[in-house]
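Chains as they are written, first to last, in the numbering used here: chain U, 2 to 258; chain H, 30 to 186.
Please note that a few of the clues may not be correct.
[Unchecked claim] Straight-line Cα separation of at most 27 Å, DSSO-like style, residue types lysine-lysine; simulated pairs:
(1) U:135 <-> H:104
(2) U:120 <-> H:104
(3) U:135 <-> H:43
(4) U:142 <-> U:99
[As the list claims (entries may be wrong)] Away from chain U, derived, C-beta distances all over 12 Å, residues of chain H:
(5) 31
(6) 53
(7) 62
(8) 82
(9) 107
(10) 134
(11) 159
(12) 160
(13) 170
If you are wondering where the hints come from, they were derived from the structure by calculation, not from laboratory data.
Idealized CB from N, CA, C, for every residue including glycine.
Residue-level listing of the chains:
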Amino acid sequence: MDLISTYIIHLADNALILGHRNSEWTGHGPILEQDIAISNIALDLVGQARNFYQLAAAQLNELMPGENITEDDLAYLRDVNEFTNLILVEQSNGDWAKTILRQFYFSTYQGLLYNELLKSASSEIAGISEKSLKETRYHIKWSSEWVTRLGDGTEESHTRMLDAMQSLNPWIAEIFTPVDFEYEAASSGTGILPEILKGEWYRRVNSILDAATLPQLSSENQPMQILSGKNGVHSEHLGNLLAEMQFLQREYPGSSW
Amino acid sequence: MNKEDIINILSEVKDPEIPVLSISDLGILRAVEYNDDAVEIRITPTYSGCPAMDVIREDIRSVLAKHGLKNVEIKQVLSPAWTTEWMSEAGKQKLKAYGIAPPSSQACSSAGEDQPSACPHCHSENIELISRFGSTACKALYRCLDCQEPFDYFKCH
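Excised from the complex, chain H in its bound form:
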């Protein structure tokens, strides 16, 4: 067992609120150390009050325990603060396939309006904001004016 094996095992840990994304896809898994059977893991929350963090800690422990790793320390780091820039390209594709518009890299990098590039269902760019706050802290709610479907947008952060 080495560090890479542990990182592979941890890809089984998903965000309970967006179960298609692993904690590494999301960029909240910051570091893994492995020495003499002791594992130290550093994670960072997406939002301060993200209720998924407690579940994620439990899931990390239980998935590592399944592989015989019981000496696990999980530390929360706040700085540098999590940003959607840390979300992997693969993660963004998975989000889109799941029906959530991924953070648009153009919108996130410029001072422009933070909005999705297109409807994740029909790919139309004819969309409007319903609410800046969605079903979880990290999402906003949009509506497609062509296919009429409402959809979640993973906000730039």
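Extracted from the complex, chain U is given alone in its bound form:
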């Protein structure tokens, strides 16, 4: 597979996997309104993933005529090591604090990324980004409010946010560590190198953490990375997620409704 298609699939994988994680809350949210909110965010992300998968499928079919690859093949028939999403988004939901923090870290990144991709040399990527950015702004606002509410809430909610930080902070460094397909996307003008967003990401995240009376993050002292989701080396969580998400297509190939 060519590196630009992989880059597009990476954008889709991030959205699909986090969308699926969020959808696990549907029917289990802490209160009805927030159940609806997280389900809506799931829907936005799955919709964004579909747009990117459709684009990648069209591109792959052009390069490999006769394959007839569809968005469903890309979502349902690839194995763990073929997924290129960030380790951050595949992490299990944990409690509400962990889900909120994961959304906040990711949406802050995704918002900055889409904003840069508006200038993509691919008009399709620019178009999907323009569409998605409007949705992501809501995700950022909603998750920022929750980070502040929980961090600056009760002793219990503050402690849970600290636990969530301890659990998710090790996966931040990967976001900004470029891989092959990002170098290729950046040099062709299709995409960008994530490093250019690093400073702004830390500034924005730290400003909300500050309002939430939570400790600041430092871009220094990052733990050494062994896993690399972007290179297909995932944590144990992704396999379990895919087993459930892909079950129907694996058991009943080609089924539709």
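Dock chain H against the given chain U, drawing on the hints supplied.
Chain H only, in chain U's frame:
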């Protein structure tokens, strides 16, 4: 049959989640081309994951088929991205009569807070946000502090 006739026929296609609005009221019908019995229609989603889009495609096909138009191509366009600015004035009035506060043009055009101008039931301005996300992706949930009724608000987008 000409292009205007087809646009008229398409006013029968409603948003399945807000059945008082046609796809042109909503601004998701972007273009219609008609040449030698072949119809090309371009639509744009309100939100990326809007599940109504698949139903809308089916409805467009079936309503055109009723009028003998079978050679129909429906294309989805994402850019320029849909905005509530494209919702017609008539559409906004229909929304309000249906009990959904329409996007407020003032709030949408300024950097101010995106909120409804008044309760669609009793027109009171004494309202509060319940949740930024409502029963569908395009709506937020509010409550009127005077008549006590909860109501949906079609968000600026």
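### Violations among the numbered hints, reported as their numbers in ascending order
Structure breaks hints 8, 9, 11, 12 and 13.
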